[in-house]
Structures are given as C-alpha cells and as structure tokens.
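Guided by the hints, dock chain E onto chain H, whose structure is given.
Residue numbers (our numbering), protein chains in the order written: chain H, 1 to 428; chain E, 1 to 428.
Warning: the hint list may mix true and false statements.
It does not matter which identical chain is used: a pair holds within one copy or between any two.
30 Å max Cα-Cα, derived BS3-like pairs, lysine-lysine [stated by the list, open to error]:
id: 1; residue 1: Lys422; residue 2: Lys100
id: 2; residue 1: Lys317; residue 2: Lys205
id: 3; residue 1: Lys270; residue 2: Lys317
id: 4; residue 1: Lys107; residue 2: Lys422
id: 5; residue 1: Lys205; residue 2: Lys100
id: 6; residue 1: Lys393; residue 2: Lys422
id: 7; residue 1: Lys270; residue 2: Lys100
Think of the hints as simulated: they come from the structure by calculation, not from any bench.
Spelled out, the chains give:
Number of protein chains: 2
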Amino acid sequence: MFTEFINVGTELLLGQVLNTHQQWLARRLADRGYTVDRQVTVLDTGPDIREAVRAALDRANLVITTGGLGPTSDDLTRQQIAGLLGLELREDPEVLRHIKSFFANRKRPMPDSTCLQAQVPEGATVLPNSHGTAPGLAIEVRSNPSDPEQCPAWLLMLPGPPRELRPMFQEHALPLIQNRFPIGDDFHCLVLRTTGIGESLVEEKIQAPLRSLLESRLELGFCARVGEVDIRLSCRGKEAENRIREARTIIEGEVGRHIYGIDDDLLEEKIVSRLREQGATLALAESCTGGFIAHRITNVPGASDVFRGGLITYCNKLKLSLLEVRAATLSVHGAVSRQTAIEMAVGALQVTDANHALSVTGIAGPSGGTEDKPVGTVWIGLASRGCNPLALKQFNPLDRETFKFATSQQALEMLRRRLVFKSGGEMG
Amino acid sequence: MFTEFINVGTELLLGQVLNTHQQWLARRLADRGYTVDRQVTVLDTGPDIREAVRAALDRANLVITTGGLGPTSDDLTRQQIAGLLGLELREDPEVLRHIKSFFANRKRPMPDSTCLQAQVPEGATVLPNSHGTAPGLAIEVRSNPSDPEQCPAWLLMLPGPPRELRPMFQEHALPLIQNRFPIGDDFHCLVLRTTGIGESLVEEKIQAPLRSLLESRLELGFCARVGEVDIRLSCRGKEAENRIREARTIIEGEVGRHIYGIDDDLLEEKIVSRLREQGATLALAESCTGGFIAHRITNVPGASDVFRGGLITYCNKLKLSLLEVRAATLSVHGAVSRQTAIEMAVGALQVTDANHALSVTGIAGPSGGTEDKPVGTVWIGLASRGCNPLALKQFNPLDRETFKFATSQQALEMLRRRLVFKSGGEMG
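Isolated chain H, as found in the complex (with noise of 0.2 Å):
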C-alpha cells in the first residue's frame, strides 16, 4: 500500500501558512497502522495540482488533497481533478441546502461564489463538513489515466481549514479508508506521554529491560517535544496486543511516575477529570505565563465544573490588591521568588475558596533578566486546603511562547501530583 498526501495551496509556498495537516494526517494515520510515503505541496494554479494528482495516481493506492475546496477563484482543486479524471460535475442539492443553512444558521448574506461548493464530480462520494461550507470528497479511481491495468485508487479531497479538516477525517476519512484498505487487528500502536523527564533519559532507563521484546517485533520510538516526550509501542502479528501490554508494564515501572497520559491524552485532560474525581476546584494567580495556563485548563470542554477562576497580576500592583502579596515581600525578595510565589497561591486560594490554586511568577523576557535572575527564571507555587503550600524554582530559559508552554507544563505536572499522589514536591 503506497499512500500519498498533496497539500495545495499557493499560501504554502509562499510560506504563509505553517502546512500542519502533513503532520496531523500522518499521524492519525501511522496510529492505525497505516505508513505515508510521500507528501507534495503544489500552487493552487490548474496544470500543478493535475499534474501531481496524476502522478500520485501513477504510484499510490490512497491520495489524499487538502485544500483548493473554497470558493474563491484560486479554489480549483474540485475542477482540476474533475476535468483529469473526465467527470462531471453536478450540483448536488443535499450538499446545497447544508450551505444554505450554514449561512441561515449564522444570519449571515450567502456570497454567490459560495454555490460552487456544491458541485459533486460524478460518481463521488461526500464527506459532509459539519464546521464549514465545502463537503469533503472522495473518488474510486478504477482505471487509472495513464495506466488502465492498475488496481483501483482512492483520491480523497479534504478541505483545507484544520477545523473542517481534522472532524470530517476523524469522523468520514478515516472510517472509509479503514473499510476500503483493512488492516486487520493484528496491528497495535499505544502512545505513553511524559513530562518532567528528556528524551535520552527515558531512552537509557527503558532500552535494556525492553530488549527482548524489541527482538520479538515491537517497535520503539519517541517524540520529543517542549516539555514532554511521547513513548510510541507499535507491534504487528498476533502477539501484538499482549508484547505491547508487556512493555507498558515493563515501562511503567521503570518512568511509571512521568507518565500523565496515553495516544492523545492532554495533561490539561487529566487533570480536569482528576480534580472531577475528587470533587475538587481549581484557581490560577498567573504572572508572565499571562493566562496561559488558564486557557489550557478552558480548552477542555466542562472545565466550568472544577475551575473557578484566575488572576492575571501583571503588573506588582495587582499583586497587592487582589492576591494580597505583602508589600514586604516584593521589596524584600522580589517578585520572581519563593515567597512571592507562595503568597500569590494562598491569595488565590483565599480569594476564590478554590481547593487548589496554582501560582507562576517569572521572567518570560527578551528584557527584564539580571544576573541574579536571569531570563527563564520561574517560580511555581501550589497551595492547597490543609496542606502546606510549596514552591518550585525552574529555569526555561526560551523564546517567549515556548517558555509559556514549558512554565504551563511544569506547573500543571506539579498540580497532577499533588492530585495523583498526594505529593507535588519533587519534580524530575
């Protein structure tokens, strides 16, 4: 099986848009058992995407496009195919109605233009895009242009926005690939996500005691990313299930501690329905993390349930007033120090009656470093109802964004300990 992706979009290359759909899509993919061979990213003008579909034809069994669905007029990617493969296109009314609707739903006028996404090619089946106006298509190939004694293909044309993207392969891509190309159930993949441990240190703790499963099929690999490393187990044959059930043993008591999560697990996830569990809440006092660690927390859905609420004292004076960190204590040890960092966490324990709150105060920079205390430098507190609080000094010293991310990350695996282990101390 040869699988092959074409991204079209003339944004690409331009370099524009970051193409992230190589990476979600190869992913979702290589989880089910399936390997993708070659990616191309092609201008949205006519003779390039016909000629990269051509030739992806030529070679693969799955094609997948993304993007050149929209309805602007650098959008041919329907046409082109269409016009190579010599079919029709014909209005398809179910798919008319549904962006009708779209529009009606969000009482807003329908651009003209906005028809054109409901021209089906003859004989295609259509992914209904439940986040947007283009339907999602796909084509059995029988004979292939240049090569009529090829066994049939399959050309998917996915939209290119990730949000109608990524629901429409999840929910209509994946489930016909998975019934056109069986894989069957001899193939397993688990993914075990870490934080607080690097890449060559899980490495050398897990290689040894895995060896003999590594003889016998299983496949190791990682993903090392800001803040967390992903342990990936795949394995096929009939032993599959249980070699990869071995192993997580096996890696669980070697980095059982650093492990939050599996496959797509988010920490934030985990700790949403850890503190669910306990029936407990959580509040936030965020300083150069600037809400962050707050919106991670809000992306999962019902965090309405356990979170209560934040405070982002930018500036030391909100730092007084509304968490009530004593004026001694900034004069004294500065605003990026233990003590400070303690009091911001009790302060929004206090003023939310939260059961948990953490605290973050830091230099994110470029500026604002010294010797002392130069640019990284983080401190992370925690307090909570009946314990005594704690605080944590990290040194992240990263671009700005990244910085947040690793701060964000070492904060909330710091919470999950406390939640899962009752502890929060030590890290690492």
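Relative to the frame of chain H, chain E by itself:
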C-alpha cells in the same frame, strides 16, 4: 525560475515531527522575490531521495534539500546525490577539522561515524555549519542527468535541525542564491491583514476596482483563517512598486476599516504598540475565553508596559466578588448578556485602574446552550475612561478553541477601533 524543496525524513511522514522548514525557507525566499514552486517530502531511503532529486532537476533551476546529512545509518542525502550525479565523495580536511574542534570545544568524545560528514562531493561548495557538524553543500549541476541541453541548476543541501539550517541559510545559502539568480529590484510584495470581514466579501469588494491593475501584472491572492483574511499583492517589473501602492490605496478605500496591519503584523502587536503610543493601559475580564486574550496580549514582548492584568471570572461568584457585577444583573439578565458584559468591563477598569478594559462572557460549548442563547453566543464589553461603556453581541458557533480565537479577534478588533477611530461600536 523554478524552485523546489525536497524535505528528507521518515519522521516527517510518520507525523512525529512538524515540517517547519517549508514555511520558514519559503517565507525568506518570497520576501526576496523568489517563489517556491513545489515541495516534496520523501522517506529517508536511497531510491526515494534519488528519484525526487532527479525529478526536481528536470524542472527546477534551484533545488534545496533539507535533512539526511547526519552521521547515522539513515542519513543518505549526501551519498545518494553524489551517486546520482556521478560525483566522487572526498574527505575535506577543513570540514574534518571543524568537526573535530566542535567535539573538542564541547569536551565530548567524537563518534567515528561523525567523520562521514567530512565527505564532500567533488566540485561542491561547502556551506559552514556554525551550530553543528554537518556542513551544507552547494553543487552546480551543469548537465542535467536526463536532459543534457538544460541550463545549469543549483542544488543546495541543508542540514535538518532548524537551529543549524536557519543561520546557515541566512549567512551562506541566501547570498549564494542571490548571486547566482540575481532578481533585480523589480519585485515587490505586500500583505494587507484584515479582520471582521469574510474572504468572499473582500474579494467581491476589491476585485472589480482592481481590474485594470490585475490586467497589468499585479497579482492578487487571499489567505483566509479564522477571524482574518490576508490580501497578498505582488508584482514584478519596473512599475511594481507603483502598482502595489495604487492597489493598496484602492483596497484601503474599499475595506480600509478592516485592515489592521501589513505583512507579519499581529493584531495583538498593533494593539500593544497603539496603547504604548497613547500612554494607555489595558485590563481584561474574561469568562468563556478563559485567559486566551490575556495570553495573546502577553505574547507580545514588552506587553508589561501597557497590560495591567486580567481577571478570569469563570464562575459567576467571582464575577460578583472580583468585578462587582451586581447579583441582580446576573439574575435578571443572565451571565451572558449586554448588562453583564458592561458591568464586567467597568469592574475591571475600576479594580485595575487601567484606561481600557475588555470583557467577554459567552457560551463556548459544547454544552451550556439554551434556545435563547445557543452555544456560540458571546457578549463583548468595552469600557474606557471618559467614554460610555459599550457591548456587542457576536455568534461564533465553532469548536471550543476556534471559538476562543474568533472571540478574542472580535474583542481585540473592538479595542483597536476605539484606539484608532475612537469608536468601537460598529463592526462588520
């Protein structure tokens, strides 16, 4: 001139790593008048690399490969390209010295395999790597393997790690490209960034007035994302700069109120700098956006000059206690109402002593909607010293994270209009 990228790496096609090279390199080239025509990602196996390079040399004048120059067994780019072009690999003593001193400076032992990186195809130009061991390589391909009549092409091989690739590209590869393919000063490009208006409507408004310019070499493109549409103008030739200036004037006449910046400007950056110019400060009172607006504002370096802080009053109790919203307001009008939005903004202004305060209260979903106030309903309030507070209703029936972005964009735009036009009421 035809430019093609070849990104080599199985990890890219497994979805383990996001390909950021494409955007980064494309943007650097586009800003200097070079456009990228095609990009392909291939597995790091020999035949795939060879075939991709062969096909690229058939059509391109400039081929840039990334990755596959490391010392491990899956790094094959250098060898495969030398093989394809029939060039011998020779150890370059200069490169070997650099590699040895790289390890010596870091007091690390040099693995034997690293010496492979000193192998240079005969006739290649070495691009020094100041952040790693693998040098970049530039080769002039005089006779194309499959078409000896074609003009010479340039093949550039760059290393995979961004921290090595980026400085090497800026310092060594780009000057070489500009020397080999002089562009002259007749290329100009301008992106106008808009918000509060849809892609089809922008196109409808500007297409006709721009017609004569579009007939004389001006190129127009759109890039729509949630809450924003970029209008990209580019032009070649002696009159390029004038044509773009004329087009800008026309577009400003049609949709000028929606244009918040140009090129890489971000809405939050424009707001921070506008506030700084006016010596004004900002506070936020967020409910359903959960800190995301504060996150965007604090992503801007120097935000602390103008941003006082934010109150994330996720539960109603905090709206009462922290923002002094009246209990009667909540019980009569509800938390998602004009009155609550206004009282939140006014409360934030008072608590923080800022000059402007934005408030947001709405239903992000997926649950919590009612018939009167369906998921996606949001009220945005704005209070400024010396002005009457105002509030706007918006409807963003989107997934949770997209809802947050769209809402933050509307809120920031409301503030921008107050800062720029002293208004803020009329949107759309």
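**Item:** Hints the structure fails to honour
**Value:** 1, 2, 7
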